[in-house]
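Produce the complete structure using the sequences and hints provided.
Chain order of the listed sequences is A and B. Each residue of the first sequence is one higher than the last, beginning at 1 in UniProt numbering. Each residue of the second sequence is one higher than the last, beginning at 1 in UniProt numbering.
It is worth saying that the hints were derived from the structure and are not from the lab. Some hints here could point you the wrong way.
[Said to hold, decoys possible] Residues from chain A shown here face chain B by an in silico Cβ test under 8 Å; the list is partial:
1. Glu159
2. Met180
3. Pro230
4. Ala319
Where a beta carbon is used, it is the ideal one built from N, C-alpha and C, also for glycine.
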Amino acid sequence: MSNDHTTSFEKQLHIKYIQNLDSKVTKETYEYWLLEHLRLNGLYWGVMALATMNSKESLPEEEVVSFVLSCYDATTGGFAAYPGHDAHILTTLSGLQILLIYDRLNALDESQKAQTAEFVLSLRLDDGSFTGDRFGEIDTRFVFVAVYVLTILQRMTTEIAESSQNFIMDCQNFDGGFGMFPVAESHAAQVYTCVGALALCDSLSSLSDMTASWLSERQVLPLGGFNGRPEKLPDLCYSWWVLLSLVALNKAHWINTEKLESFILGCQDLEDGGFADRPGNQTDVYHTCFSICGLALASADKYSLEEVDPVLCLPKSVASKLKLYKKSSII
Amino acid sequence: MSEPCQIMYSEEYLSTMSSLKQYLETKTYTEEALQVTEEALSLLASHYTAWCFRLDIIKHLGKDLFEELNWCEEVAIANEKNYQIWNYRQRVIELILEDPALAAQFQVRRELPIFQMMISMDEKNHHVWLYRNWFVKRFELYDDAGELEFVNKLIDKDARNNSAWTHKFFLLFSRNDAAENIVAQELDFCREKIALCPQNPSLWNYLLGIYASQERLLVELKDFCGQYANINDEEIKSSFALETLAKIAVEQNDVLLACRYYDLLLQKYDPIRASYWNYLSKKILLNT
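Listed below in structure tokens is the structure:
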């Protein structure tokens, strides 16, 4: 039995925190507007946190769906972070994830869905990678997001799965981790997106134990949180990326879950709700989502949370409805 | 921030962003629009739509791209955590290099001061290191003495800088053509650094990375590791040395010895990963 002081999980406080993120009062703050370029992503984080707490009805569904649709860019088929912003692959995924959580994917008609798929496919490069938008950045995150969107829209093919797998494996480093592109420094968030991409391409068997081993080394004592790269400080969001990856690889037992939970709970704001990146820092919806999902991944029952799918970052009840690409068994 | 201040900033923000939106929607590529992108970015450096639009205006107006690089540097310094700026910088440099007259004026070493500045602010700044990856690839600086000196200085300053070690591996070993003398030199370098800092994961990852890339057997490191992990006297100065000795034992098919090492790691020297050490023990026992 641990001698650590165990903080309790203040579920109701966090539900209120997320509801308040869009309140009239909040809309008058500078910080609210500073996050405009992340609005749709932020909405996913809020909705996902609520869904994990079995409380998605705490936000008005019609308003949420309506906002998501207002971010749809009819000229490209992608979603922008906010009406008027450029469509981007990341925000496109956030938009679709929100619709899935509310079971409203059909808010998009077939021609819109086809256009969204074309938007993603238009970002594909010859080497199997994807750019994020017309600006042209390459990032392994975008490969994961692309195959994820194509999975949702049932547009995955063997060709895409194979070329994506090849590109991802080219990004594996000498230490077993993965970076943003080939040779880039291994980083926990990129490892997650690479593991996720491989999972969605039915190619997790490409990985040796080295990746899980690298991930297990992220846990930092004495507090038990995870860092994103060797010799850096632990941060809550890495706790999420690392845990997700380890669960997806069936190796979550390679880390000390109790200590991790304790670290996560220590990052709560016990007065106003929400979670920060480190104990005592300013809270935000990003860290709030990932803490709650992290607790759900570690011990859903203990905290009365919904179970979370580690590859799709959706409640399992939603994830189970998606049909994932499977390699053909025909030799 | 006090309430009135907040509202004032909010109004400034909203008015700048609504101007930006108007210029964007009407595809207005003027000096005024350029100014608005600068204002928008000073309020929100991660507003990538503003970056996209700015590049379009710069191209349209035929602005001085070298001046633009200067301006970028100011923004980078003021926004350490921002990553869009580095992608933007790449785009501007590519534009310069597309034009033969401009390309002739571009000097690679022009980029060095901003690197120096950003790295001195944060020696592990991930976005800056990623930009440096692109820079080395783009201008073929793998064998550049200045590049190696740059990374070695950082390692000398802080041997725990994982970004620096990763960059060194990238320079010397990522193209799989390292000469024998370089390999020997780097192995010596590792041995020296390990002596100063035996419990350093980046260092051991680098060392083992060299062995993997050269397809050499780890048994060469047996005596060296023994200096940092003597199980007979139980003098363990490095759990990584212990782990490497276990790898060597596996290489040599000495199952019992490997299990002894795993046991020590499990019990004492890396107990938080107890399940991992158990897993490895079971794995080799199953393979016999």
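Status of the hints after comparison with the structure:
1. Interface restraint check: A:Glu159 against chain B, minimum CB-CB distance 27 Å, threshold 8 Å, status violated.
2. For A:Met180, the suggested interface contact is upheld, since its CB lies about 6 Å from the closest CB of chain B, less than 8 Å.
3. For A:Pro230, the interface hint holds, the least distance from its beta-carbon to any beta-carbon of chain B being 4 Å, beneath 8 Å.
4. Given hint, A:Ala319 at the interface with chain B, is violated; its Cβ is 26 Å from that chain's nearest Cβ, farther than 8 Å.
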